[in-house]
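Each chain, letter by letter, is given below.
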Amino acid sequence: MTPFKRYIIKRIVYSVITIFLIVFIVFTISRSAGDPVTAYVTPDTPKEIVEIIRKKYHFDEPIPIQFVYWLDGIIHGDWGRAYGVGRRPVLELIGRYLPLTLELNLYVLFIALPLSYWIGTKAATNKDTWIDHAARILALIGQCFPQFFLGILFLAFLYRGGWMVINPNFTFQTITGMPTIDALLDGDLQGFILALKYLIGPLIVLVIGSLSMQMRVLRSSILEELSKDYVMTGKSKGLSKDYVEKKYARRNALIPFITLMGFWVANLTAGSAIVEVVFNRYGLGNVMAMAAKATDHNAIQAFTVIYTVALVFSNLVVDIFYGFLDPRIKYGEKR
Amino acid sequence: MSEIIFEVEHLKKYFGPVKAVDDVSFKIRKGETFGLVGESGCGKSTLGRVILKLIEPTEGKVYIHTSLREGERPRRYDITAGERLRELRRKMQIVYQDPASSLNPRMIIRDIIGEPLKVHKVAKGEKLQDIIVDLLKHVGMQEEHLWRYSYELSGGQRQRIAIARAIALNPEFLVLDEPTSALDVSVQAKILKLLKDLQRDFNLTYLFITHDMSIIDYMCDRVAVMYVGKIVEISEKELLFNEPLHPYSKALLSALPSKDPSKRTLARAEILSGEVASPANPPAGCKFHPRCKYAFIECGWGSDDLATYLREYMGEKVSLKAAAKGSFHLEIWPSAREVINPINVMISDLVAKGKEQKKPLFEAIDGLKNVDGRIHIYFMEKSEPELVERVCKDRYVACSLYEALSDQKILQKGIHQSTKKGEDT
Amino acid sequence: MSQKELADKLKRGVREHRRRELEFLIYRFRKSPLSIIGLVIIIFFIALAIAAPLISSPNEPDPYRVPKTFSRLPLPPSWEHPFGTSGPVNYIDVFYGVIWGTRLSLMLAFTITGICFIIGLIIGTSSGYFGGIFDDILMRIVEVAYGLPWLLVMLFVLVAIGQPGFWTMVTAYAVVGWADYARVVRGEVLRIKNELFVEAAKAIGLSNPQIILKHIIPNVIYSVAIMASLKMGWIVLTTSSLGFLGLGFEAGTAEWGIIISGGRDWILQGSWWISVFPGVFIFFFVLGWQLMGDAFRDILDPKIRRSL
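Protein chains in written order, with the working numbering: chain A, 1 to 335; chain B, 1 to 425; chain C, 1 to 308.
Hints in this document: simulated from the structure, not taken from any laboratory. Note that the structure is predicted; figures quoted are calculated from it, not measured. Be a bit skeptical, because a hint or two may be false.
[Claimed, not checked] Heads up, simulated DSSO-like pairs for lysine-lysine below, C-alpha to C-alpha not over 27 Å straight-line:
{"no.": "1", "chain 1": "B", "residue 1": "53", "chain 2": "B", "residue 2": "30"}
{"no.": "2", "chain 1": "B", "residue 1": "30", "chain 2": "B", "residue 2": "193"}
{"no.": "3", "chain 1": "B", "residue 1": "53", "chain 2": "B", "residue 2": "196"}
{"no.": "4", "chain 1": "B", "residue 1": "359", "chain 2": "B", "residue 2": "393"}
{"no.": "5", "chain 1": "C", "residue 1": "31", "chain 2": "B", "residue 2": "118"}
{"no.": "6", "chain 1": "B", "residue 1": "118", "chain 2": "C", "residue 2": "9"}
{"no.": "7", "chain 1": "C", "residue 1": "11", "chain 2": "A", "residue 2": "228"}
{"no.": "8", "chain 1": "C", "residue 1": "11", "chain 2": "B", "residue 2": "91"}
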């Protein structure tokens, strides 16, 4: 088995363990803090009924046993009910609202990453020119403004102009749950435009936020690589500036950038929740915020699990990619 | 003979398979400068640090003879056992090779030198500064340097500070780990002179580690030569320079330009063949024998040697595979395409011819057997030569070329021991 | 030289040394105007926070609950209400909210940073210096903590604790915040541990605790201080985000995010002052600490000092 494969397997196993651990901890805290029965009863429910419900959901058992029951429920699709957000089964909520969040995040990913890469390299290779300064100032501003505030500002400006909608009425069929895709699949051009308008506010804010963070890191890591001796050696050998930069510096500079990715994804989950609230987008983040406000244990627990799984998974992807880039990992370090 | 101040007994430091220090023993006398010389990677730096217990030894004992209280008679203390180590540290210090990293970049000089004094509560406040200034002057620096940071000083100056710190507690024994190797040549001489002066003024004993034979010549009284974790020779300096015993010492010294211009020829230089043995996988028997031009039958020829030989001389002609089944047993067989019998004959011929030519590699072959189409070659099992007195008293060599003194006086072993004067225990 | 003369000479030396240090500090600041801007901003905020009771008379019993200022509609900035009022739904005087919000934010940021710093320092140092299984386990935990979606975890902790409030927030941050510090500290400790001067300290006779305190931590602290400074801004960004969502602090608390959320709908109608003033304050707060962090990095790194 190559060292690389070994590395991947190790990371996968580790991720699985992490997820399991996190889920268990989240579960434990959730069931320990406060009385889980409150999700299913009102203040007037008679005591006997409360006890019956308690027994039914095994709240009287020790936590590890509860965990087993819960896992069993999960496998069979019972994720409990959300009591703060309309008493619907949590799984249904997730099914309905997750795609919108996913859609938003995917757009951000595909726009922000290449864009920040492009700007970052442009800024680094044209150090101290106006491009560089402009990029750095924009990044600074992007990082110092809270995203929800930017959101509000954009809302104020773009809503007036009709560039944005906050309460769209979609007429096309729901297949994936993601408006832009569904509109296209349904051949509904008007709907597609509407979906885009629904998307654009949160998208701009998230992209700006992501750009600021990523561009800064990329720029500084490229600069650091460029100042290293091997670059000068390459140039002295007569290789053109571009060649050296493209082939060597960028590749190495990518490494800190990739390291940032893990953190960035974590930030994205937070960020998208916030912009969803600002722009009234009905994604999972929005629902999650509502659940938090209503101290809905079930919902928060389920959402935490989902997001964490997604995050661990994306970290895994990042790690694998990272291992691919860094030859020390790819070929295994000889001890 | 003067008294012993430092004793190392069968010291070993292994980093996993790497035997950085492999059973080293020696004694250092009070007031002398004991040199330790060898190439990079031979383990001398590690040795210097292990004997002060800055690195944990794998095995072995280190003793210092000193008195911890005023007026007490000197006693022998076991450093490796770790008892009273903190107090013992006042008596033994170290100066490192790299002055840049051995001084804390965030401390001013005054604090760097003052630290040992503070830790051992020697002085406080103004008296402390008094002592520090005094120390500075002893190493040739000025008072204004008290307030500087180490990065504001030159390499030579930093090393002076490191020396000042080392002598601050008035130690008796100092390990100098290549103290001038990182410095410019012009500065080296000054530092060496400083060290000599300090030794005289403060009655210090030095263990001087270096790879530079000319420094050994200038500084040391006795010298130990180290090769791949082992000490191969200990002699007085003059004797070593005039008449090196161990072949490795000879090679090292031959690289030194002679002081007499008429004697300087390139031919004198013995350019060693092969590479330095690996401390993780050293040769059997004497570690130096593969490169030694004087090697003979006793030196521990074995599988690796023959395998290398076969590879070098036979490689293109015929396809053989060999596997070492232990250091002294080599198995040879033809690779797929070759036929057995010609191989058999060829190897036998080779061995016979080698013996005829009195090549030690083949002389050491004890037996040759043919088992199931594979040829097994057995060597005489020889152990590593011990570092004992040979040729004359007080000269230790680990080489089978020379007869051990104790062998000559078998009966006198008891007398032999008691004639060693001056060992205070 | 007599005792007295020596003593005097040495005292002068100390003074001289301190003067040089100060000069160097000033020189670094002068060289980088951004760091001066950062410093000025931070000083401004701190001064504002300290002087809050004088500027805007505190509401009893809890000055951090903004007193109700009734106005049917939001009123634009005026002499009476320098930042205007918010009208429904919160009915607050924006100026009061922003000023006391400054104080609250600073208190929160310093407290959280202090706690995470200490926890991170202890864990990171133990982990890095002593290594072994302890280190392995700790690093697994840190990796897990680091990989969590922080907002989620904070939400979760907030929900678990139930009650909003200052210490609830501090706890929520502490749960996720220490990991970063521990990681950085550990990295630095590992780096420093292998430096020769640490072994030299051992040779002099220092015990392990002494080595850690005198040699390792002083060299480690600077990178951590830089990170801490950058995180101050992050804390405020997160707190205001949570406040905006209605989490963390009770409604009506003087917290910038809460005020901004109250102005969200009004801004569409042209009443910009409710959201913009706190927003601008947040911006400058974060900016100030960001610049300070960069300034620290330039000043405190001895390698850069060498070029002086």
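Hint check:
no.	hint	verdict
1	53(B) to 30(B)	20 Å, holds
2	30(B) to 193(B)	20 Å, holds
3	53(B) to 196(B)	25 Å, holds
4	359(B) to 393(B)	32 Å, violated
5	31(C) to 118(B)	38 Å, violated
6	118(B) to 9(C)	21 Å, holds
7	11(C) to 228(A)	45 Å, violated
8	11(C) to 91(B)	32 Å, violated
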